[in-house]
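Just so you know, the protein sequences line up as chains H and S, in that order.
Just so we're aligned, residue 0 is where the first sequence starts under numbering that gives the first Met the number 0, counting upward by one.
Just so we're aligned, residue 0 is where the second sequence starts under numbering that gives the first Met the number 0, counting upward by one.
Rather than coming from a laboratory, the hints here were simulated on the basis of the structure.
All values derive from a computational prediction rather than experimental measurement.
One thing to keep in mind: the hints can contain errors.
[Stated by the list, open to error] List of simulated lysine-lysine pairs, DSSO-like, C-alpha gap at most 27 Å:
id: 1; chain 1: H; residue 1: Lys124; chain 2: H; residue 2: Lys108
id: 2; chain 1: H; residue 1: Lys271; chain 2: S; residue 2: Lys33
id: 3; chain 1: S; residue 1: Lys7; chain 2: H; residue 2: Lys271
id: 4; chain 1: H; residue 1: Lys274; chain 2: S; residue 2: Lys33
id: 5; chain 1: S; residue 1: Lys33; chain 2: H; residue 2: Lys278
id: 6; chain 1: H; residue 1: Lys22; chain 2: H; residue 2: Lys83
id: 7; chain 1: H; residue 1: Lys274; chain 2: S; residue 2: Lys14
id: 8; chain 1: H; residue 1: Lys243; chain 2: S; residue 2: Lys33
id: 9; chain 1: H; residue 1: Lys284; chain 2: S; residue 2: Lys33
id: 10; chain 1: H; residue 1: Lys244; chain 2: S; residue 2: Lys33
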Amino acid sequence: MPAWLDIAVRSILFVVILFFITKWLGKKQISELSFFEYATGISIGSIGAEVAMGLERSIFHGIIGVIIFAAIPFISGVISLKSKKFRDFVEGTGTIFIKDGKIMEDNMKKERYTTDELLELLRRKDVYQVADVEFAVLEPTGDLSVMLKKENQPLTPKDLNLAIAPIKEPQTVIMDGVIMDEPLATIGRSRAWLYTELDKLGVTVENVFLGQVNSYGELTVDLFDDQLQVPSPQDRALILSTLKKCQADLELFALGTEVKEARQMYSENSEKLQKAIDKVMPILKG
Amino acid sequence: MTIASNVKQTLASLKGAEADLSSLALRTQDFESKRTLHETMMSVHEVVTDLKKRIGEMEREEFQYKGF
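Could you build the full structure based on these sequences and the hints that come with them?
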């Protein structure tokens, strides 16, 4: 076998082996979360390259090496699942850098981080003032996780006591003009329904680059033809305005009638409707 | 436009809203929202019932309001 063919065969073989090993080790290997994944990832790569290019080396020996380097992080991962102590030893624990808003100088010294490096890590988290931080911990991966003081955290609906409607994840039902049957089935819709909705918007499937259905069953689309204007779903806004109009009408009737019982009935119902509107408002507005 | 026909119009709008709410409740994926929508539909339905009764009374008292 000529040398170039040998190299080609070895390269292809090792690409396939490395592909399946990374698949087997899973997402953790790619994210290189701990020392093991980091070190073994490099070693597996170099062994592969070495054997592919070094013709004097045996392919079989290379495969053994790669498998052992892949098996050890896998086994350590399995043991880590069972034992917290082993996990702390292998994967390391976080080091607290800022606690109660105060920098822990000793911990920084232990990890050999300078003040500049701490400031840099904080800046990466969009924090420019150390005084804004309540708690920060250096993860084993070298990332800094930062918890801001409550007054510096982004405002949430909970802080404002706002009622908001819960939502579910949207489903992508059209990609590149092709209908996806599985997501459609997940939300319990058929192709016929989709065609009706597309008709309502006045577009064809072929023209849709991306189509998604939100948790209220409304279809939103992005078209290949960006000149076309597509109406956004108005169903919920319409219901809300109808309800509001009817509530106002009931109030008017209450003012207009001379009959005592009728007046009471109207005002009671207008109140009832108002309460219902208040309750359903977050859903119809959201 | 007479009062009776105004009330009838409102009744029709409310019935429409009731149906829309019901279909929205069926389409909604989130269970909590589904329930809220359903409860709203029930309240609207109560109002619809009361309005219907009132229209009946009006038609009985003043015969010319009968029909649409």
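Straight-line alpha-carbon gap Lys243/H to Lys33/S, limit 27 Å | Satisfied, since the Cα-Cα distance of roughly 20 Å is no more than 27 Å.
Within 27 Å, alpha carbon to alpha carbon, are Lys124/H and Lys108/H?
-> holds (21 Å)
Keeping to a limit of 27 Å between CA atoms, is the pair of Lys274/H and Lys14/S held or broken?
-> Holds. Lys274/H to Lys14/S sits at ~18 Å (cutoff 27 Å).
Please work out if Lys284/H and Lys33/S have their alpha carbons no farther apart than 27 Å.
-> This hinted pair holds, its Cα atoms lying about 15 Å apart.
Could you grab the alpha-carbon distance between Lys7/S and Lys271/H and see if it respects the 27 Å cut-off?
-> holds (19 Å)
Going straight from one Cα to the other, do Lys244/H and Lys33/S come out at no more than 27 Å?
-> holds (23 Å)
Satisfaction of hint between Lys33/S and Lys271/H, Cα-Cα up to 27 Å = holds (20 Å)
Is Lys274/H close enough to Lys33/S, meaning Cα to Cα at most 27 Å?
-> holds (17 Å)
Within a Cα-Cα threshold of 27 Å, do Lys33/S and Lys278/H meet the stated pairing?
-> holds (13 Å)
Satisfaction of hint between Lys83/H and Lys22/H, Cα-Cα up to 27 Å = The hint holds at about 26 Å.
Checked against the numbered hints given earlier, this structure breaks none of them.
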